[in-house]
Amino acid sequence: LFMAGLFLAFYGRAAGRRSCIDEAVRQFLVHARYLADPKTGLWFHGWTFAGRHNFARALWARGNAWITVGILDLIENGGIGKPVEAYLLGVLEAQIEALLRLQAPSGAWHTLLDDPTSYEEMSATAGIGYGLMKAARIGIGPKACGPAGLRALDAVLASIDENGVLGNVSYGTRMGHDLQFYRDIPIQPTGYGQALAILCLTEGMIHAEAAEAAA
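In our numbering, the protein residues as written are 1 to 215.
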């Protein structure tokens, strides 16, 4: 959804191709059907049609970050229709409520969102932080979104080294068949970690400018 669905939606709007927007919407709805957990509000990492299950039922942080960012950016892009927008907003708000409860004292999220023994992962924290700050700015979700997003921003800033590299980022993560697989993914700098950090920092600057203007 984050890597292809959003592109379809943005390209469809820019090129005047309604079919691309419709396909993006279809992808979001299909993914919500099979990955959104109605019990927690969070999203599982994957689904197999062959076995009809969610593999390890991993509530993987970076995947959830892509959903937070993806739904917000899809709605902001526009053109998806009010019924779809209302449905996706409901899905997003359920996810946000769960994410707010699971934020660590440091401001970060664990790579397995519901497992505090798994390491704190910064690409997910950057993506979720961006999403929460943006949600607060455009009036989506509870009031706690803004402060939680700013705490995530602080965690991201604390993990950026003197060369501008975001640390504590998990390496590429294929589908795991047990939860230990996710705990064992190595940490290393990545392009997607840098990109999510840029999103988070950019939204943080927007918030800082708004706060300065209101002072």
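Simulated from the structure, these hints should not be mistaken for lab results. Just so you know, even glycine gets a beta-carbon here, dropped at the ideal spot from N, CA and C. Hints should not be assumed to be uniformly reliable.
Pair by pair, the computed Cβ-Cβ distance ranges are [as the list claims (entries may be wrong)]:
no.	residue 1	residue 2	range
1	Pro142	Ala208	37 to 47 Å
2	Thr202	Ala50	39 to 49 Å
3	Arg52	Ile206	34 to 44 Å
4	Arg18	Asp178	10 to 20 Å
5	Asn77	Ile198	14 to 24 Å
6	Leu157	Pro83	35 to 45 Å
7	Phe49	Ala208	26 to 36 Å
8	Asn77	Gln180	22 to 32 Å
9	Asp184	Trp47	44 to 54 Å
10	Pro116	Gln188	15 to 25 Å
Straight-line alpha carbon distances no greater than 20 Å define the calculated SDA-like cross-link-like pairs of lysine to any residue that follow [to be verified]:
no.	residue 1	residue 2
11	Lys82	Lys143
12	Lys39	Arg57
13	Lys82	Glu23
14	Lys82	Ala98
15	Lys143	Ala98
16	Lys39	Asn54
17	Lys39	His53
18	Lys39	Lys82
19	Lys39	Leu179
20	Lys143	Ala104
21	Lys39	Gly139
22	Lys82	Pro116
23	Lys39	Glu23
24	Lys82	Gly16
25	Lys143	Pro105
26	Lys39	Asp114
27	Lys39	Leu29
28	Lys143	Asp154
29	Lys143	Ala211
30	Lys39	Gly90
31	Lys39	Glu97
32	Lys143	Asn54
33	Lys82	Ser19
34	Lys82	Asp115
35	Lys82	Asp154
36	Lys143	His53
37	Lys143	Arg57
38	Lys143	Ala208
39	Lys39	Gly164
40	Lys143	Gly41
Checked hints:
no.	hint	result
1	Pro142 <-> Ala208: 37 to 47 Å	22 Å, violated
2	Thr202 <-> Ala50: 39 to 49 Å	40 Å, holds
3	Arg52 <-> Ile206: 34 to 44 Å	43 Å, holds
4	Arg18 <-> Asp178: 10 to 20 Å	43 Å, violated
5	Asn77 <-> Ile198: 14 to 24 Å	19 Å, holds
6	Leu157 <-> Pro83: 35 to 45 Å	39 Å, holds
7	Phe49 <-> Ala208: 26 to 36 Å	46 Å, violated
8	Asn77 <-> Gln180: 22 to 32 Å	38 Å, violated
9	Asp184 <-> Trp47: 44 to 54 Å	22 Å, violated
10	Pro116 <-> Gln188: 15 to 25 Å	23 Å, holds
11	Lys82 <-> Lys143	23 Å, violated
12	Lys39 <-> Arg57	12 Å, holds
13	Lys82 <-> Glu23	16 Å, holds
14	Lys82 <-> Ala98	24 Å, violated
15	Lys143 <-> Ala98	14 Å, holds
16	Lys39 <-> Asn54	14 Å, holds
17	Lys39 <-> His53	15 Å, holds
18	Lys39 <-> Lys82	25 Å, violated
19	Lys39 <-> Leu179	19 Å, holds
20	Lys143 <-> Ala104	18 Å, holds
21	Lys39 <-> Gly139	25 Å, violated
22	Lys82 <-> Pro116	38 Å, violated
23	Lys39 <-> Glu23	27 Å, violated
24	Lys82 <-> Gly16	19 Å, holds
25	Lys143 <-> Pro105	18 Å, holds
26	Lys39 <-> Asp114	13 Å, holds
27	Lys39 <-> Leu29	18 Å, holds
28	Lys143 <-> Asp154	18 Å, holds
29	Lys143 <-> Ala211	16 Å, holds
30	Lys39 <-> Gly90	14 Å, holds
31	Lys39 <-> Glu97	12 Å, holds
32	Lys143 <-> Asn54	32 Å, violated
33	Lys82 <-> Ser19	17 Å, holds
34	Lys82 <-> Asp115	36 Å, violated
35	Lys82 <-> Asp154	35 Å, violated
36	Lys143 <-> His53	35 Å, violated
37	Lys143 <-> Arg57	30 Å, violated
38	Lys143 <-> Ala208	17 Å, holds
39	Lys39 <-> Gly164	39 Å, violated
40	Lys143 <-> Gly41	18 Å, holds
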